[in-house]
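S.K.: Using the sequences provided together with the hints, build the complete structure.
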Amino acid sequence: MIQFKEVSKVFGTGKKEVRALDKVSFTVGSGEIFGLLGPNGAGKTTSLRLLSTLLKPTQGQITVAGLDTVKESQEVRNRIGFLSSDMNLTGSLSARELFRFFGDLNHIEEEEIANRSNRLIGQLKMGDFYERKVETYSTGMKQKALIGIALLHDPDIIIFDEPTNGLDIITGRVVLDILKDLKNRGKTLIVSTHIMSIAEKLCDRIGIIHKGTIRIIGTLEEIYEKTGEPDLEEAFFSVIGGVTEDEGYHHRSKKRA
Amino acid sequence: MKDIITVLKKELRNVLKDRRTLFMLFGVPVIMFLLIFNVMGEAMKSQEKKLEETVYKVYTNHAAFVENVFRDGMTKIELVDGTDSIENDLRDKRFDLAVVVEGQMDRLSDLFKDETEISIYSFSGSMASERIARVFSSSVNMIRDQQLRLFLTEAELDAGLLDKPVIKSINIATEKEQAGATFGGLLPYLLVIYLFTASFSVGFDVTAGEKERQTLTILLANRVSRSSIAWGKILYLMLMNILSAAISVVAFLFGFSSMIPQTGSMFTIFTPGSAALLFLIVISLAVLIAAFITVIGIFARSVKEASAYSLPIYVVTILFGVLGLQSELFQSQGVIRYIPLINGIFHHERFNHATATRLRDGSDHCGDQPGRSRSFGVSCRQDV
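Note that the protein sequences, when read in sequence, are chains A and B. Position 221 of the first sequence, counted from 1, bears residue number 221 in the working numbering, the numbering being contiguous throughout. Position 376 of the second sequence, counted from 1, bears residue number 376 in the working numbering, the numbering being contiguous throughout.
If you're looking for bench data, these hints aren't it; they were derived computationally from the structure. Yeah, the Cβ is synthetic: ideal placement off N, Cα and C, and Gly gets one too. Each hint should be verified, as a subset may be incorrect.
Pairs of lysine-lysine residues, derived as DSSO-like cross-links and limited to a Cα-Cα distance of at most 30 Å, are as follows [unchecked claim]:
id	chain 1	residue 1	chain 2	residue 2
1	B	K45	B	K17
2	B	K17	A	K125
3	A	K71	B	K2
Away from chain A, derived, C-beta distances all over 12 Å, residues of chain B [said to hold, decoys possible]:
id	residue
4	T6
5	R13
6	M44
7	E52
8	F65
9	S119
10	S138
11	G209
12	L220
M.R.: So, in structure tokens, the structure goes:
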């Protein structure tokens, strides 16, 4: 379903060059939940932005359902739902109006947009705030609205970058329930997180990325076996070599959207 | 096309619910123009009244002559005694005018003596001084003409020779027509500036602003093409530009009419042809400016950065606006006419010409001097 082939991404040139990804390869099968774990600046967000066609790889190729993310970017975007922790919602429109807008952009019938919006509003427990201007929303409310936008066109592949980042425990649980529901419906999910419990509960397979390279990939059991550690957190530190300097931060703060 | 319209509709829905932005775009120009012209009108009226009621202070070494010049009493004067320095006292506004008569002048006929010389000192930094100097000069000239006429009559010569050739100065432009011509001259400046300023606030918000706030990513991660997003935003910007410029022009016309009530409604200056031409000018300028702003907004990473990039463009725009006011400068032919924005000025020129033709009812003469006349401080140019 999703395939990274020797993918590299370099930002800047000369002395300012930063290699965010270096020959990353992995696949995610249909109906699978794949977790991408890594510290800040490891290359998680870059990987997911490449997958969602927001960035182009410097080297290598990414395919989604056989479609090239560079050459067939529009078709790829048609099949994915993307949510990133650095996305934001502002403006005078309400969540319902935004659902209608993105529904129109995805050429969904008006009646169907209304049906899907109502279902998502209920599922996301949006209470009555969905009619209010999004600029008045809290972080959690915005995250729920963004999830709704990402799922409105019922994509087969869902890419969530740090979906519970900055959320309180209640909203975090709602998001987790949504992810479980998507899993049960046979959707393909690729989720980046640094919260080990989410990865443990949800993911079929996990890849740990550090300094732009995939260090280990496999099911939980395979990772425990390879690292000889009893849980994911210990396995994670074992793979990345303990507490290390956050080398990617400088680059992340400067890169363009 | 459907996606472009969807993006456009979303932006419109968003702005229509944003009362502050709407007020800044459409309310402020209306309030601003009405306020400016009303204040200007009141200031002009009070200035005229003040000048009429002013008692001008005059220093002279020949009080009898000066009093004779102002004997009609239409201009009130008060003679000031003594001065150490005419220049200093004029600057210090101790008096408004100084008249120094050299040579003996007991009678008006002494005006024609070789040794007679009248020096008129005024200070152009003072409106009162300028005005009284002008009045005094023309009054002296009138007295001289009367004396000449008297000499010729006494010498049994035809005094009527002084009136030859007969020169009739006929300004066929009514006050309303002159005001219309002024409006035509100001229009390019007004439109270019307003089309740009409306673009800045709205354009950078939906491009660089969305990038900065991380709201554009949601749209970019969707199936809609980049070109549809860009075109939707350009169309939205164009629409906002046109609406804002149209409201500004209407407010300008209302304000102008209220400043000079004798001109009546200024809206009658438009013929279907000139209105269509104006519409085409506005559309073409709006497309160009919206594209400019979108490109800058897409390139810039933040509104602050976009504003910094746009500053030189804004200065150039003001320059073009000012050049539009002086469209005689653009009489040259050639490639200059194909440069964007500059060619807009030529279109304005055509619009102005169409407006002026309508106003002048076929006349190509505008004033008592070739190409220029004055009325309530409004100039009427030959080319407009």
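S.K.: Taking the hints in turn, state whether each one holds.
M.R.: Each hint, compared with the structure:
no.: 1; hint: K45/B - K17/B; result: 42 Å, violated
no.: 2; hint: K17/B - K125/A; result: 25 Å, holds
no.: 3; hint: K71/A - K2/B; result: 23 Å, holds
no.: 4; hint: T6; result: 5 Å, violated
no.: 5; hint: R13; result: 6 Å, violated
no.: 6; hint: M44; result: 42 Å, holds
no.: 7; hint: E52; result: 54 Å, holds
no.: 8; hint: F65; result: 75 Å, holds
no.: 9; hint: S119; result: 70 Å, holds
no.: 10; hint: S138; result: 64 Å, holds
no.: 11; hint: G209; result: 9 Å, violated
no.: 12; hint: L220; result: 6 Å, violated
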